[in-house]
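These are the residues of each chain, in order.
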Amino acid sequence: CLAAAAGGGGAMRETLDKVVGAHKVVLFMKGTKDFPQCGFSHTVVQILRSLDVPFETLDVLANEALRQGLKEYSSWPTFPQLYIDGEFFGGCDITVEAYKSGELQETLEKAMCS
Amino acid sequence: MGVTKEDVESAIAAALSPSHLVVTDTSGGCGASYEIEVVSEKFEGKRLLERHRLVNTALAPHMAEIHAVSIKKALTPAQAQPQPEPAADKPQA
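If you read the sequences in order, they're chains A and B. If you count the first sequence from 1, position 86 lands on 86 in the working numbering, and the numbers rise without skipping. If you count the second sequence from 1, position 4 lands on 118 in the working numbering, and the numbers rise without skipping.
Check before you lean on any hint, since a few could be wrong.
Which bits of chain B does chain A cover? Going by a derived footprint, with three or more residues having C-beta under 8 angstroms, they are [what the hints assert, rightly or not]: (1) 153-159; (2) 178-184.
Only pairs whose alpha carbons sit at most 30 angstroms apart, straight line, appear in this in silico DSSO-like list of lysine-lysine [to be verified]: (3) B:K187 to A:K110; (4) B:K119 to A:K110; (5) A:K33 to B:K186; (6) A:K100 to B:K186.
Okay, the calculated beta carbon distance ranges per label pair [to be verified]: (7) A:D34 to B:P175: 32 to 40 angstroms; (8) B:G116 to A:Q37: 20 to 28 angstroms; (9) A:R13 to B:R161: 19 to 27 angstroms.
FYI, nobody ran anything at the bench for these hints, they're computed from the structure. Positions of the beta carbon are idealized from the N, C-alpha and C atoms, including for glycine.
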């Protein structure tokens, strides 16, 4: 899911560095963990739950500046966006694919131990 | 008017010269929504994230009008080949 818009701030990057650095696993999504507002976001929440890792979620629908800022930060046009260990991992399709191949579990394990 | 399936196909074809490309219109009434399978030599040596970025970049001019894109497959020609069975022709003792 995505919508068109432009803009973003300079201080946004710094803030986002802090946010994705503060937690091992951060998911920027539409809606919340308990009430996803989009099927793609729901899918990633389900995957993370099934892997039993602690993760933070932030609702981009509640913050338009965050939503636009993230698109530039990750150079990724859509949500959800999953960050592991401070690094952009991917959107829904990549997460699903990596889950199936075992690469996601591997990346998460590495992150949890680092 | 918006983006058509043909627009999506030609944008990807131009950017990635795919050997295989399937674009499926999956819009369920909420707007342009597509599923994409693409096989291209340009994916050689690239992680999945980078491959998806290439597709996203190709579609960037249309993204404003597209509701959702789902990249189901982004494979190299070698990966798209059915994997040969591991050789079971061990010499019999």
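Results of checking the hints against the structure:
With a cut-off of 8 angstroms between beta carbons, the stretch 153-159 of chain B has 0 residues touching chain A; three or more are needed, and the interface restraint is violated. Using a Cβ-Cβ cut-off of 8 angstroms, 7 residues of the stretch 178-184 of chain B lie near chain A, which meets the minimum of three, so the contact claim holds. A distance of roughly 26 angstroms separates the Cα atoms of K187 (chain B) and K110 (chain A); the hinted pair therefore holds under the 30 angstroms criterion. Pair hint K119 (chain B) plus K110 (chain A) does not hold up; C-alpha atoms about 40 angstroms apart against a cutoff of 30 angstroms.
Taking the CA atoms of K33 (chain A) and K186 (chain B), the gap is about 24 angstroms. The hint holds against a cut of 30 angstroms. About 13 angstroms separates the Cα atoms of K100 (chain A) and K186 (chain B), which keeps this hinted pair within 30 angstroms; it holds. Distance hint check: the CB atoms of D34 (chain A) and P175 (chain B) are about 37 angstroms apart, consistent with the given range 32 to 40 angstroms. Distance hint check: the CB atoms of G116 (chain B) and Q37 (chain A) are about 23 angstroms apart, consistent with the given range 20 to 28 angstroms.
Distance hint check: the CB atoms of R13 (chain A) and R161 (chain B) are about 23 angstroms apart, consistent with the given range 19 to 27 angstroms.
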